[in-house]
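Participant: Protein chains in written order, with this note's numbering: chain L, 1 to 246; chain Y, 1 to 321.
You may find that some hints are simply not true.
[What the hints assert, rightly or not] To give an idea of the interface, some chain Y residues facing chain L are shown, with a C-beta separation under 8 Å as derived from the structure:
hint, residue
1, 18
2, 22
3, 24
4, 28
5, 49
6, 51
7, 80
8, 82
9, 84
10, 101
11, 103
12, 121
13, 125
[What the hints assert, rightly or not] Straight-line Cα separation of at most 30 Å, DSBU-like style, residue types lysine-lysine; simulated pairs:
hint, chain 1, residue 1, chain 2, residue 2
14, L, 244, Y, 135
15, Y, 110, Y, 170
16, Y, 110, Y, 135
17, Y, 170, L, 238
18, L, 3, Y, 150
19, Y, 135, Y, 150
20, Y, 14, Y, 170
21, L, 214, L, 133
22, L, 244, Y, 150
23, L, 3, L, 244
24, Y, 170, Y, 135
25, Y, 110, L, 3
26, Y, 135, L, 3
27, L, 197, L, 3
28, Y, 110, Y, 150
29, Y, 14, L, 244
30, L, 214, L, 197
31, Y, 208, L, 244
32, Y, 170, Y, 150
33, Y, 276, Y, 259
Just so you know, the hints here were simulated from the structure itself, not pulled from any lab data.
Every value quoted in this text rests on a predicted model; they were computed, and no experiment measured them.
Heads up, the beta-carbon is just placed ideally off N, CA and C, and yes, glycines get one too.
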Amino acid sequence: MRKLFALVQRELLAYFSSPLAYVVLTAFLFINGYVFYLIVAFLNNPSVQAMAPLKLMFGGTIFFWLYLLFVVPVITMRLLAEERRTGTLEVLLTSPVSEAQVVIGKFLAAFVFYLFLWLPTWVYVAILASHAKIDFGPVWAGYLGIALLGSLFLSVGLLTSALVRNQIIAAILAFAVLVVVFSLGLVENLVTGAALKGALGYMNLWSHMDDFAKGIVDSRHVVYNLSLTGLFLFLATKALEASKGR
Amino acid sequence: MIEVEGLTKRFVDKDVVANVSFFVPEGEVLGFLGPNGAGKTTTMRMITGFLPATSGSVRVAGLDVARDPLGVRARIGYLPENVALYPEMRVEEYLRFRAAVEGIPHGEVKARVEEACDRCMVGDVRRQLAGTLSKGYRQRVGLAGALIHKPPVLILDEPTVGLDPRQIVKIRELITELGREHTVILSTHILPEVEQVCRRVLIIDDGKLVADGTPQQLRSGFSGAAEINVQLDAPDAEARAALEALPGASNVRGEGSGKFRLAVDGSADLRREVFKLAVARGWVLLEMAQTVPSLEDVFLRLTTHDAETAHEGQLEEVANA
Ligand SMILES: Nc1ncnc2c1ncn2[C@@H]1O[C@H](COP(=O)(O)OP(=O)(O)OP(=O)(O)O)[C@@H](O)[C@H]1O
Ligand SMILES: [Mg+2]
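One chain only, chain L, in its complex shape:
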């Protein structure tokens, strides 16, 4: 446990001492601020139907998805690829920590950093709460959705970072896989077979987020995200074991 803690701590130090963290954070704040402004302006228009602004904020716009698809690979690309390129992996994997511990440590650190990125969005919640009475149920559910989605995306990024030694390639690969994982569910609208439609609907991340933002915590969505996260982390561990010393 202490070993895992040391791994997470080291990784967080690496995050917060790299300029990348601040670039990502700034871009994140900027985009979120912009989206928030758009949503508020949009809802201010009397001709549109009244909607909860936070619902739009959490997965209701394409900006949210675009941003996640871009930023998660940037968060994860360094994790294993860089250790392999510089050679620090050689020391790490000849220390008494297992490959699984290394993967989990990196994942947890990336997850903490990811959650940290979302922290400032509570400002919007506070702004809204000061002007209107808001229901905190959907807010918490929305953040839960963001956390679950994040864990799935981060695990994909970690896997691609385990596969290659070039960060940029790791990021591009992660982006490609994420686009597939994300759009798989959207294909739901294009097919007709009931069984296939059901299956794809189960994988539709957009509608998952929709539900969460409405305050619906569907256990199937939770299971889907967590089991895929587990699968990708397992694959990352296997990839790390298989590629040692190469």
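Place chain Y with the ligands on chain L using the hints.
Facilitator: Below, chain Y with the ligands alone, put in the same frame as chain L:
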């Protein structure tokens, strides 16, 4: 302590390490020699478990690397060939991290870091970012990290590369000292280093083990044993004939102005005979020295395959010897 049996590593279709076996008892400092690309680093990586072997086995403290990798990892300290540190960490932070990963109890970490800093002489850079360290300091911080948990086995891949002469001496002393309580395998290209710190030497060439023994054993087992250099104030042709006639002398080579080199067969000491010869003929003996083969000679002899590739005079000599 370390048992290596039939160890083989194949990359693509070449056996980079081919059927290497050796045993290192507890408390021995073993020197690992070989030309560039011989397979030293590859062998060491297989011992640490970082690289899986194609075939063969490695046991460290009775544990098989393939079956119990974590057990082996806990018992070794490894300094890789290219020491890589995390650039954003301060030296102290890095050593604390290494200590934590090695599972040293929280309360002991501080003392261990202190001790490792002292031993490897990195106390003066402890607050510096690892990314800004000079090569020699990086090497020493890497070494400090490798021995922070006082592992029973130390595996050091070219530990003195990049160090200044004073540090080289100190690190050698450190390794000798470590050899009293730890089992050490180190690779190096510096042959005097091996004679100073290693009780035993392995020479590997093109993936195969070509020699195994103490430095003394290797030198005495080297055929062509000693050589004598003499300079006589005498006519060249006469002197050469007389030297060649000496029993036990062979391969007499003249180098002009009365200088000769002759190989001495077996264990005979021909210096007396040469002196007596000079006296008998009334020649003045200007110079005489016997050279015993150095570890360098042994190394060159065992790892030179082709006289054409031997450019330096020294190399050629070994090839004709
Ligand atoms: N990942 C790899 N893929 C293919 N070949 C490799 C790989 N790693 C090492 N080799 C080859 O294995 C051989 C032995 O390399 P190794 O690094 O073990 O040599 P070495 O004895 O440590 O040499 P040096 O003295 O230069 O450090 C070399 O020919 C090298 O090119
Ligand atoms: Mg090497």
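Participant: Find the hints from earlier in the document that the structure breaks and name them by number, from lowest to highest.
Facilitator: Hints 1, 2, 3, 4, 12, 13, 17, 20, 27 are the ones this structure does not satisfy, whereas the remaining hints hold.
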